[in-house]
Amino acid sequence: MRGNQANRLGTGGLIDRSAALNFRFDGKTFSGFKGDTLASALVANGVKLVGRSFKYHRPRGILTAGSEEPNALVELRSGARREANTKATTAELYEGLEAASQNRWPSLNFDVMSVNQLFAPIFVAGFYYKTFMWPAKFWEAIYEPAIRRAAGLGRAAGLSDPDHYDKAWAHCDVVIAGSGPAGLAAALAAGRSGARVILCEEDFVLGGRLLADGGTIDGLPAAEWVARAVAELTAMPDVRIMTRTTLFGVYDGGTYGAIERVNDHLPVPPEHQVRQRLWRIVARRCVVAAGSIERPIVFAGNDTPGVMMASAMRSYINRYAATPARRIALFTNNEDGWRTAETAIAAGLQVAAVIDARPDVSPAHRSLASKSGFPVLHGSVAGVDGGKGGVRKLSVSLTGGARAEVEADGLAVSGGWNPAVGLTSYHRGRPKWRDDIAAFVPDGAPPGMVAAGAANGAFGLGACLRQGFEAGAAAARDAGRGGNAGSMPVADDEAFSIAPLWHVAGKGKAFVDQQHDVTASDVELAQREGFQSVEHLKRYTTLGMATDQGKTSNVAGLAIMAAVSGKSIPETGTTIYRPPYVPVAIGAFAGHHRDENFHATRLTPSHHWAAEQGAVFVDTGLWKRAQWYPLAGEKDWLESVTREVKAVRSGVGFCDVSTLGKIDVHGADAGVFLDRVYINAFSSLPVGKARYGLMLREDGIVYDDGTTSRLAQDHYFLTTTTAKAGLVMQHLEFCRQVLFSELDVQLTSVSDQWAQFSIAGPKTRDLLKEIVDPAEDLSNEGFPFMGAREVKLRGGLKARLFRISFSGEMAFEISVPARYGEAMARNLMIAGKPFGVTPYGTEALGVMRVEKGHVAGPELNGTTTAGDLGLGKMMSTKKDFIGRVMAGREALVAPNRQVVVGIKPTDKARRLRSGAHIIPKGGSPGPDTDQGYVTSVCFSPVLDQWIGLGLVERGRERIGEIVRAHDPLRGEDYDVELCNSVFYDPDGGRQRG
Amino acid sequence: MRIVCPFCGERELGEFTYLGDAKPQRPAADAGEDAVYDYVYLRDNVAGVMSEHWYHGGGCRAWLKVTRSTLTHEISAVEPTAGAGAAKVGA
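Protein chains in written order, with the numbering used here: chain A, 1 to 993; chain B, 1 to 91.
The set of hints was computed from the structure by calculation and includes no laboratory data.
Heads up, the beta-carbon is just placed ideally off N, CA and C, and yes, glycines get one too.
Any given hint might turn out to be false.
Taking lysine to aspartate or glutamate and the EDC-like style, the derived pairs with C-alpha atoms no more than 20 Å apart in a straight line are [unchecked claim]:
| # | chain 1 | residue 1 | chain 2 | residue 2 |
| --- | --- | --- | --- | --- |
| 1 | B | 23 | A | 699 |
| 2 | A | 879 | A | 636 |
| 3 | B | 23 | A | 742 |
| 4 | A | 646 | A | 766 |
| 5 | A | 646 | A | 636 |
| 6 | A | 873 | A | 957 |
| 7 | A | 167 | B | 30 |
| 8 | A | 879 | B | 30 |
| 9 | A | 792 | A | 773 |
| 10 | B | 65 | A | 252 |
| 11 | A | 167 | B | 12 |
| 12 | A | 432 | A | 571 |
| 13 | B | 23 | A | 571 |
| 14 | A | 878 | B | 30 |
| 15 | A | 879 | B | 33 |
| 16 | A | 878 | B | 33 |
| 17 | A | 879 | B | 34 |
So the derived list for chain B, only partly shown, Cβ under 10 Å to chain A, looks like this [said to hold, decoys possible]:
| # | residue |
| --- | --- |
| 18 | 2 |
| 19 | 3 |
| 20 | 29 |
| 21 | 33 |
| 22 | 36 |
| 23 | 57 |
| 24 | 63 |
| 25 | 73 |
| 26 | 74 |
| 27 | 75 |
| 28 | 77 |
| 29 | 78 |
| 30 | 80 |
| 31 | 84 |
Here are some, though not all, of the chain B residues that point toward chain A, as calculated from beta-carbon distances under 8 Å [to be verified]:
| # | residue |
| --- | --- |
| 32 | 23 |
| 33 | 62 |
| 34 | 82 |
Pulled out of the complex, with its shape left as it was, chain A reads as follows (with noise of 0.2 Å):
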């Protein structure tokens, strides 16, 4: 079936006519034109129902034309490109569009679920809370699963989303929200000043209420001077337009952020373009020209599809020439909503009747009725008769007590505006209260932002090109920009008069928020119940916290609680607002970080080279790291690692460490600067030494571990974990630069700088004679143990050579330029054959440094103190460093604290695993007999068993005692041995061979 758009007005309106678009929506084809809302569209086509409501199921038609919709929410796109709770009335046309209903089942027109507006007794504010009370245990199985699949609106895809979003910045003096006419006129005045200005307009013409309403500017057709301004704005080098962008939040400093839908209007995409892109503008000045928005009235049949706000139907009438109705009756409590009988009447369309809350209506507006044979009602639509095929009959209880009918196939509904009050009052402001139009206004903005316009509550076309231009001339001033603005853009301003009406009393349900189906009974009840507070009265019935965040609703909800509860609609207050404006994708806020794109990777300098091996890489911070080597036969990973940490203890490995983090510490103060911040000396270490060092936190407890070597009396060479890199290089920087400040020393960070190997094993130094110039002496003698300088390389190479060890093996640590890296490992892998040369991954080195009973990071885990660590004797008494005096404290030097230790199962073939519980043999597990637990483990090819570390009461004194290890996790609880934390070569020979 193909539409016909029986409802579209033969002229007018800004679509392109030449330009169909064929549509479908729940499964028909309709067609429409370029300039088209799917709302327009579906107006056009005569279509009234477009969805279901949340909580009733009942039928809903479109209720607005722009981002506050409430009602006409669909699922649009099909497959991963699914997009629930999209706006109709903010969705553009294209070709191929499609669009279904939602909370609908089986179809729109006949949905099960209706069956709840018998149940509406139920379903009253704060249901929730009440109906599932009891018993506890039918939440989860029964309750939560059936509202699960009850509620909600739209269906998420359930897929990955196909397309890419993006993040950008931008710089510029004046940001302007909106582009009606105080937007327009905001944008020529600053643009004019020389200021450079950013325009956002949500919409995809600009023009804002001016597409609509029209008027005369300067003596032109609005359009014609909307032409006008644009081209001037385009022609400005340093003005930027930006359509199809919502401003939606400010932050501190004058950042701004704004959504921008790049390709929503497009069915896919172009290729490498991206769907929406998330912009944070920089701005020294705001100025919101977002306009008002047109709000409901509470009555009786309010949610009938057909009614519709009075400004909605005429922007389909003069932008889109789109009728949504034919005989149309208009409610109105003020001037502004005469309007739309005005527009109906031009467009050849019936008005029924115009109800006007208010006592007296202009002679001009009695005339055109008279003129145009409609009756005008003192009174108010008490109700209305209709349903899903739309608005029959409305009933009204006229100013005196009588009634009356009107019978019509659309009611349009004025209630007043609201001006658009959340960027103003995104950083807690409080909107106050105007009598004169019955509307909040701002009252204060956050720094450098202004409103103008119909935001700032002036309603009249004269006042908002009055208020927009000035404010824009300020904002360029403010900015520095001081040149002529030139004429203000000047125009009439039409009476604005209101007579406060937010609910008609009657029978039926009468809806407040629309989209989260709460009536006006749900408020009273909320007050009934004591939910007075407006945030209170929000969170109890959900007034307000849809999707369109009660942009038609919340104003009325208050003011209904505050006729409720005999209080002023100032005294009631407003929520906070809060942003962002409209909703914004959590894809829009992730961009490109998402997938392997989540964070940033960092490769090492052997990272391509290890990859050719087949490594299996880890993910270590930021970095990946080869964890081990496979090699083919090889059934698992234990196998891979035992034989790389008996190739290493048998001949000779090497494994990229350039993960450390590297520090050069330069100075004539360098060796004072580091005994301050290690809590061992430093300025007594012998040019060409290395020492190992511990840093504490102020607080005395361990925070970073590292070898320093000395390369010249003023020279250090500093390294860090892998994990502490960033971080130790921060705490240095506020040691040098704030604590001692009055010490000679710099530190530069070299981590990315050096690509450092370790080479390990008996034949280490056969393997090197391969690789260092022959001129340099390896011998013991020649470079001992904990020997560190500088050395060429055969072909000329500088690189840095440190004899230090944390395998245990005799071993030396290699640096060159990160640039040789890749080149190291491929030399090392070809030196290295006569002996075996076996790479090995951080598996191995693990494995190997429990065996040796090194701590790393699962002892270094911020509640230990060097004494922990078996490493207190290395503190210092002739010297003040950071941490000193609190690693003093009673409880850090306890005699009970819990030590690193080693551990073995008694029986040798059980896995030991970490994390186990320690507990004293024949203690019931539980808090007060837990000793500790076990922190690392490995299976040792030395030993041939598992073996491990753990932080365990009195460890070190307890060395051969049965404990057991209670692991209820995993289910396990055996017996294992304390005992010395270095299982292997105990004295250290080897590394000193």
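For chain A, the structure is supplied; the task is to place chain B on it using the hints.
Just chain B now, with coordinates in the frame of chain A:
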């Protein structure tokens, strides 16, 4: 939030790391445990203007003293700390 680094100019918050109150001074080596305890643990929780240490790790690595209102996030002054900036020549 944006901070005007005296060395790099105005930069956004993401380049900086917060430490906290810049007022407490590290006690002298012989000040005793109570003084160090106060320095490490006892901090004012100011509702209003306070002087804070910020680190420009995403830029020049300077430690800065930033005067900021904790209520409005308004920054009224940014100064380098004593040792920030250029090397001490010939010290």
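Hints versus structure:
| no. | hint | verdict |
| --- | --- | --- |
| 1 | B/23 to A/699 | holds (18 Å) |
| 2 | A/879 to A/636 | violated (51 Å) |
| 3 | B/23 to A/742 | holds (18 Å) |
| 4 | A/646 to A/766 | holds (18 Å) |
| 5 | A/646 to A/636 | holds (16 Å) |
| 6 | A/873 to A/957 | holds (16 Å) |
| 7 | A/167 to B/30 | violated (53 Å) |
| 8 | A/879 to B/30 | holds (11 Å) |
| 9 | A/792 to A/773 | holds (6 Å) |
| 10 | B/65 to A/252 | holds (19 Å) |
| 11 | A/167 to B/12 | holds (15 Å) |
| 12 | A/432 to A/571 | holds (10 Å) |
| 13 | B/23 to A/571 | violated (42 Å) |
| 14 | A/878 to B/30 | holds (12 Å) |
| 15 | A/879 to B/33 | holds (16 Å) |
| 16 | A/878 to B/33 | holds (17 Å) |
| 17 | A/879 to B/34 | holds (19 Å) |
| 18 | 2 | holds (4 Å) |
| 19 | 3 | holds (8 Å) |
| 20 | 29 | holds (4 Å) |
| 21 | 33 | holds (6 Å) |
| 22 | 36 | holds (4 Å) |
| 23 | 57 | holds (6 Å) |
| 24 | 63 | holds (4 Å) |
| 25 | 73 | holds (4 Å) |
| 26 | 74 | holds (7 Å) |
| 27 | 75 | holds (8 Å) |
| 28 | 77 | violated (14 Å) |
| 29 | 78 | violated (12 Å) |
| 30 | 80 | holds (8 Å) |
| 31 | 84 | holds (5 Å) |
| 32 | 23 | violated (12 Å) |
| 33 | 62 | holds (7 Å) |
| 34 | 82 | holds (4 Å) |
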